[in-house]
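Residue strings, one per chain:
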Amino acid sequence: MSFHPHTSSFNGVQGAGALDVSLGPQHPSTHGVFRMNVRMEGETITKLQPVFGYLHRNHEKIAEANSWLGSMPYTDRLDYICPITNNWAYARAVEQLAGIEVPERAEYIRVIVGELTRLQNHTVFLGFILADMGAWGSALMYAFREREKILDLFEWLTGARMMVNYMRFGGVRCDLPVGWLEKARAYVETYPAFLDEMERLLTGNEILLARLQGVGILSGERAINGGLSGPVLRASGVDYDIRKVDAYGVYPRLSFRIPRGTVGDCYDRFMIRLLEARESIRILQQAFAQIPAGPTLNPAVKQRGFKPPAGEAYGRIEGPKGELGFHLISQGGEKPYRYHVRPPSLINLTLLEEMCLGTKIADVMVILGSIDIVLGEVDR
Amino acid sequence: MNLPGSGILKGMAVTAVNFIGSFFDRAHAKRLITEQYPEERPILVETSRSFPFLVFDGDPEKGIRCTACKICEKECPPQCISIVKAKDANGKPILRPQIFDIDISVCMGCQICVEVCPFESIRMDNIYEVSAYDRFGTLVLHKDQLLKSNEYYRQIHPTEAAQTDARIEAVRVKKAAAKAASAKAAAAKAAAAQAAQTQPEPAA
Ligand code: SF4
Ligand code: SF4
Chain G
242 MSFHPHTSSF
252 NGVQGAGALD
262 VSLGPQHPST
272 HGVFRMNVRM
282 EGETITKLQP
292 VFGYLHRNHE
302 KIAEANSWLG
312 SMPYTDRLDY
322 ICPITNNWAY
332 ARAVEQLAGI
342 EVPERAEYIR
352 VIVGELTRLQ
362 NHTVFLGFIL
372 ADMGAWGSAL
382 MYAFREREKI
392 LDLFEWLTGA
402 RMMVNYMRFG
412 GVRCDLPVGW
422 LEKARAYVET
432 YPAFLDEMER
442 LLTGNEILLA
452 RLQGVGILSG
462 ERAINGGLSG
472 PVLRASGVDY
482 DIRKVDAYGV
492 YPRLSFRIPR
502 GTVGDCYDRF
512 MIRLLEARES
522 IRILQQAFAQ
532 IPAGPTLNPA
542 VKQRGFKPPA
552 GEAYGRIEGP
562 KGELGFHLIS
572 QGGEKPYRYH
582 VRPPSLINLT
592 LLEEMCLGTK
602 IADVMVILGS
612 IDIVLGEVDR
Chain B
136 MNLPGSGILK
146 GMAVTAVNFI
156 GSFFDRAHAK
166 RLITEQYPEE
176 RPILVETSRS
186 FPFLVFDGDP
196 EKGIRCTACK
206 ICEKECPPQC
216 ISIVKAKDAN
226 GKPILRPQIF
236 DIDISVCMGC
246 QICVEVCPFE
256 SIRMDNIYEV
266 SAYDRFGTLV
276 LHKDQLLKSN
286 EYYRQIHPTE
296 AAQTDARIEA
306 VRVKKAAAKA
316 ASAKAAAAKA
326 AAAQAAQTQP
336 EPAA
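Keeping their order, the protein sequence lines are chains G and B. Here the first sequence stands for residues 242 to 621, numbered as in our numbering. Here the second sequence stands for residues 136 to 339, numbered as in our numbering.
The hints are all genuine.
Straight line, CA to CA, 30 Å or less: simulated DSS-like cross-link-like pairs of lysine-lysine: (1) G:Lys543 with B:Lys309; (2) G:Lys576 with G:Lys548; (3) B:Lys145 with G:Lys601; (4) G:Lys548 with B:Lys205; (5) B:Lys205 with G:Lys302; (6) G:Lys543 with B:Lys310; (7) B:Lys209 with G:Lys543.
If you're looking for bench data, these hints aren't it; they were derived computationally from the structure.
Excised from the complex, chain G in its bound form (with noise of 0.2 Å):
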C-alpha cells in the first residue's frame, strides 16, 4: 500500500500549479459537516464541488415508517435553528392534505413563534458570517445572548428550547402560558436598540465592507433559475417572498415590507437580514395587538391515529431560510405513503460553485455563511 497524495476527488487531469483542497467536514466554518472539494489555481477557485450527505439520517423514510403525528418531533431536527417554522411547514402541509381549518388564534400564535425564529434565525446569521470573516467572537456572542432570550421564551411555551415539537394539525399544542404575550411583547419592544447596535458594530465597519462587497454576485436570474428561495433570492433583486405569493394564515392582515437587494453580493445578502429583521419586529407589534381569544387547536381532529384521505398535498412556508415545502401523498393510512421535504438550504446550496469561480479561496467561507444553510436540513 502506498499513500497518494496526489489523489483527486476530481477526475480531471490536473493542470500546472492547480491544487486541490478538501474543504471540511469538520472545518468549523464549513456551519457543520458540510464538504466542498475545491480546485484552485493559486488562490483562485476554478471549481467547487460540494459533497452532501455526511448528516444524513434518514428522515424521509423514518417519516413513511412513522405515523403521521410522530414525524412533528423529527421535523423539529431538520433546520434546528428554526425548529418551529419547520412544525408549521409540516402541519401546512397535512392540513392542506386533509382540508383541516385552524383556529384564528392558533394562526396567530404562529405568526408570533414563527417570526420570532425568523428574528433569532438572522440574528445568529450575522454572528456567524462574522466568524466565517475571522471574527469569532463579539459579534457571535451578542447574536447568541440574544437567541437565548428569544429561546428562554420558547422553552416557557415549549417546554424545549430548540426541541419544540409544538404545532399539531389544526392548531398547536398548547395555548400561550399566562404572562408569555406580556414578555414577548416587552422583550420585541427592546430588539430595535439591539439591531441598532449591531448596526454601529457592523454595518459601517470598512473590513467587513471589503470582505462583503462585490463578492459572490449573483444575478436574479440565475437566482430564479437555480430554484433559489428566501433571503438569498431576495438580495439578488427578486420579488419573492411566500408570505405576499400564497398570503397563508393571518398574513394578508398584517402589513410589512419585502426588502430586497440591488447587486446580488454578500453585502445583500448580509444587509437583508438585517432589514428582515427589522419587518419581522413589525409584524410580531401587529400580531401582538391583534391576537384573539379562542382555541388553539381544532377539536374536530384526531391526533392520534391520524388518517387524512387519500391524496396528494404540497404545502410551503417563507422559512428565513427560503421556500421550506413538505410534499405529502396519502393513501388514506396511518403512514405517509410518501413523505418529501424541500428544504431551502440544499436548493440554495446549488448555486455555490457560480457563486464562488472566480474568487479567492479565502471568500468561500463567506459566500457559503452568506446563503446560511443548516446541515440538519441538507443533508435529512
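The hints should help you fit chain B with the ligands onto chain G, whose structure is shown.
Coordinates of chain B with the ligands only, in the frame set by chain G:
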C-alpha cells in the same frame, strides 16, 4: 464621506460599552452572565421537559395508573418504550405492566407518549443529570425507576398537574354519579318487581 477607519472605531465603541457595561449590569437585565453550573443550579421553567416517568397514586404497586394498554409503545416515534402486561396467578393478563422500560438514550423527549396516554399515567420529568458509563445498565430505565408519585408531579409541573387532577376528579365524579344512577335505577326496578309480586291477585 466618512473618515477612513471611523466605522471600525464606531464598532469598537460598541464593544467597549458592552465590556464596561457588563460590570455594572448586576441585575442581568441586558447582559446574560454564565451560570456557574455545578455550584449554581439552573431554575427550570415549569414546562421544562426531559424524559417521561410513570405516575402513581399512594402506593407504587397498587396505585400505578398505567394499564399496560401499550398505546404509548406504539406511538413513540423512535420506539424506545417496551411494555409487557402483567399476569395474575392463573396466567390471565391483568391491567398492569409487568415490565415497563424506557431507553432514555433513544428517547428524544418529544412527549408524544404523554399526549396519547388515555389514562394520564405517563408524564414528563425534568431531570437532566443522567450521564452514565453504562448504556444498557443505567440508561434503560425500568418500571421501579420510572415510577414517581403524583406529589412529585405536582411539585415539578404544578399547573399541568392541577389540570390533570381536575380531569381525573371529573371522571371519578361522573363515574360515581353514573354508578349511583344505575344503582338507583336497579333499586327502582327491583322495587317495581316486588310491587308487582306483592300486588294482590284480582279476586276470582
Ligand atoms: S418522550 Fe417521545 S421519544 Fe420519549 S418515550 Fe415518550 S414518545 Fe418516546
Ligand atoms: S403509559 Fe399510558 S399509554 Fe402507555 S401503556 Fe400505560 S396507560 Fe397505556
